[in-house]
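Trainee: Here are the chains, one letter per residue:
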Amino acid sequence: MDYSKQIQEIASKLFAENKIDYFVGYKQNSFDDSQVPFLITDPAEIPKLVFTDRSVFNLANYLKPDHTKRKRVGLVVKGCDSRALNLLLTEGQVKRENVYIIGVCCEGVLNDKREKAQNCVECVMPDPVVYDEMLGTPSGKKKYTVNVDIKELAKMALNERADYFESIFENCIRCNACRHSCPLCYCAKCCLDQETSTLYHGANTSSGAMHALMTWSLHLAGRCVDCRNCEKACPSHLPLHLLHKQNENVIYENFQQHLAGMEKDDRGAFYKYSLSDPDDFIL
Amino acid sequence: METEVKEVKEKIVSVENPGITAPNGWQPVIIGILCNWCSYAGSDLTGTSRIQYPPNIRIIRVPCSSRVDPWFIIKSLQTTADGVLISGCHPGDCHYISGNYYARRRFLVTKKLLNFVGYHENRVQFSWVSAAEGPKFAKVVAKVTEDIKKLGPLYRYKKENF
Amino acid sequence: MNGFIIETDKTGLQKFYEEIIGKFETYAPVEKFGKYDYKKVSKLGECDPDSPIEMTMSVKPLFFPKTAKVMKFKEDNTGTTVSETDEDPLTGQRVILGVKHCDARGLQVLDQVYKWDYIDTDYQKRRKNTLIISTRCNKAGTQCFCTSLDYDVENSDAHDIRIVNGLNGKIYIQAVTEKGETFLKASSIKHQASASNATEELSKQYKSFESSFRLKMNYSEVNAKLQKLFDSPEFETISSNCIGCNTCAFICPTCHCFKITDERIKDTGVRYKSYDSCNNGYFTLMAGGHNPRPVKYRRWRQRALHKFVYYKERFGMNLCVGCGRCAISCPVNISIFDVVNQVANV
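Residue numbers (the working numbering), protein chains in the order written: chain C, 1 to 283; chain W, 1001 to 1162; chain V, 2001 to 2346.
Be aware that one or more of the hints could be misleading.
[What the hints assert, rightly or not] Between beta-carbon pairs, the in silico distance windows are: (1) Tyr1155/W to Ser30/C: 43 to 51 Å; (2) Cys2257/V to Glu160/C: 34 to 42 Å; (3) Arg1067/W to Ser274/C: 56 to 64 Å; (4) Asp2050/V to Lys151/C: 33 to 41 Å; (5) Thr2078/V to Ala188/C: 24 to 32 Å; (6) Tyr1155/W to Pro278/C: 27 to 35 Å.
Just so you know, these hints were derived from the structure itself, not from any lab. Please read these numbers as outputs of a predicted model, since none were measured by experiment. Note that the Cβ used here is the ideal one computed from N, Cα and C, for glycine as well.
Sequences are here, hints too, so could you generate the full structure?
Mentor: Below, the structure is given as C-alpha cells:
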C-alpha cells in the first residue's frame, strides 16, 4: 500500500491553486522505518510526504481547534481516521469548507512489532466515510467481531480481573498523552485537567489514575473509533483499548449495532436514544 | 421485598477483597442520586406517609437523571460510598421529555464497565420511581441496602485517606 | 575519583547482586507491559539490571516521586493547623541496581537546583541514603547522544559503583566514590585472579560503546549559537506537530517542574506535590487570566533553551543528559536533538 506519489501530486496541486494553508501528512522518521505526522506550509517540503503501511498516527488529531484554528487544511485519512473526522464535522469542531480530505482505502497498518495491528485485524470500515478525493478501491464494511482481549478478560473471575486492572492503573503517570493524542478529545479545559479543584483529583496517585481513565473512557464511549492513538502515545504502554473496546461492545450489542462515525451526520451513541433500549437492569 | 433489613448474623466479607472482613457493627453507606421531579418527590412522599426505610442512604438531588455524569458514580465509590443508587422518572414521564431515555443508555454502559474493571455488579443500581410511588421507593432502598450489606464494605480502588 | 577494580564473571556478578538484595532495600528495573520501571525487588529473578535504555524509565521517581504528600492540614474555628504527614522520605539505606550513566549524571545535575534557593530536605535525605550501582551500556540506543554533551561519560563520578561488561567476556566492578569503595570492601565479592589488565579492558569497552552512537553533535557550538537565537522562526516549524501531551517532561531524568494540589474531606486534608510540565498549555496561566506562553512554539522554545542554555548559564551543567527517552516516548517522535540542531544550524 503505497500512495506517496499520488499524495505529493495532490498536495502540490492544492498549494498551487492556493486552496489550503496547511497540509498534514506523514514523513519518514529519522531513525527507523516508522512514520511521524508532518505539517507543511511550504510547498518545498512536499517531496518528504509518504504514505505506506507504517502510517499509523490518526491525523484527524491535528484538526482540533487549538492546532489549526480557522485555517484551511488538507489532510490524509484512512478509514478509522475518517470516522473520527466525520464526528468532528458533525460536532461542529471543523468547518467542512475549511478542510480538503484525501481518503485512502486502507489495507491495515503495521504496529511496532511489524505485525498487522490488532485494530486493523478487527477493522469494520477500511474505506473513508467522508472525502474529497479517494485513493484505492473501496472494499466495503466488514463484519464486527468482539475484541479478543476483552473476551479473555470477561472469562476471568472478578477479583483476578480487578487485580489486573489495578496493575494498569498503578503504572499510569497521569501525563495526559492519551487525551492529547485522541482526535475526539477537544474540550478546551478538560474536566480531568482541573488541577486546582479537589473534585477532580489532580494529584498523581493510582486511585486518581483509575478515576481519570474510567471517566475519560466513559466520556468517549459511543464516539471512539478505535484508532489506537492513545495506546501508541502512552509512555507506560498501558492497554487502554480494553476500556474503550468494552464500551464499544456493550453499545454495539444493545443499541442497534451502533458504531461511531459511520454515517454522515452521525453523532455518538449517547446523543440519541431508542424507545426500545434495554432497561431490565433497572429496578 | 420487605422494608426492613434483616440483621446479618454471620461475618461479612468484602466481596472484592475476600481477605478483609467488615468491622463489627458496620453499616453500608449508600449514595442516592435522585431526580428532582419524580424520585425525590417520591422519596418525600415515603417520608410523609411515615413508611420506614433503612437510614443508610444519603440523598443528592439533581434536576434530571440525565444530569448524572459517570464520574459522579466513580467518585462516590472512590470516597465514602459502598454502593450507589440512581433513580429517575419512568420512561415517557421525564419532566424534560427525553432525559431519562439518554440516561438509561449511559447507565447500562457505566454499569458494565464498572463490573469489567472489578466492582461487583450490585454496587451500582438504578431505578425508576415516580412521584406517587412512596412505598416503591422504600422497597427499592431496602433491596439495595440488603444487597450491599451482603457484598460487604468496598475496599477496591478507594482513594487514600478514605 | 576512580578506585580499585574487581574482575569477576557472570556468576560472580549474580552472587554480588543476590547478596545486595538479601542485605539491603534494593531497587532494580522490573518489566511491566514492555517497559522497565525501578521497583523494590526481593529476588534477582524479578528484575533485569541490564535492561535496554530505550525501554527503561528513569530513576528520577525514586528521588522526586511522581506524587508526594507535603503536609496535612485541619481547619477549625481557631484557624488552620498544619502538621507533618506520616510519609517518610526514607531513613534507611537503599541500593539501586542497573542505573544508566545518563540517569546518574541526571541526579548530579538535579542536585544543583535542589540546594540552590530552597534546600529540599526530602530530596537530600534520599540522595544521602542511596547507593547507586551503574551498569555501563554495551551499545548506544537509537536516540542516545550522551557522549556529545558536556560531561565525561567514561570517567563519570555520578554513581558509586560502576559495572562494565568487558569485551573479553569478563565483568568488571569498579568503585568510583568513597562510599562505593567502602561498600565493595564490605561485600563478599572476591577478585578472580587473571592475566588481563583491567583498566585496558575498561577503556576498550568504552571505545566500542562510543563508536556505536548514531547521533553526535558539537555541543559547545550549539550552546553558543542558541544563546543568540531566541527569536528564531525555526522554533515554530519544528514544534508544529507537537501535541502538547506532557510525556517528555514526565519521563525526562532531569525535568523537575511540579504542581501542588489539595485533597480535602470537609475540614481536613492533605497537600500533594505531583509532576507537571512546562509544555502544558495552562502551565504559565496566572490568577487573573494572563498567560505569557499561550502558544505552543513558545513553550517548546522555553523547553529547548532551558535544557541547553539557561541551566548551563546558572549552574554550569547542561540540563539535558542525552538519554533520548523524550524522543522515544513522544507520540510523534520529536527529538530535542533534532530541535536544537535544526535551530542552531539554520
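Trainee: Hint by hint, note whether the structure agrees.
Mentor: Hints and how they fare:
| no. | hint | result |
| --- | --- | --- |
| 1 | Tyr1155/W to Ser30/C: 43 to 51 Å | 49 Å, holds |
| 2 | Cys2257/V to Glu160/C: 34 to 42 Å | 38 Å, holds |
| 3 | Arg1067/W to Ser274/C: 56 to 64 Å | 21 Å, violated |
| 4 | Asp2050/V to Lys151/C: 33 to 41 Å | 36 Å, holds |
| 5 | Thr2078/V to Ala188/C: 24 to 32 Å | 41 Å, violated |
| 6 | Tyr1155/W to Pro278/C: 27 to 35 Å | 31 Å, holds |
Comparing the model with each numbered hint stated earlier shows that hints 3, 5 do not hold.
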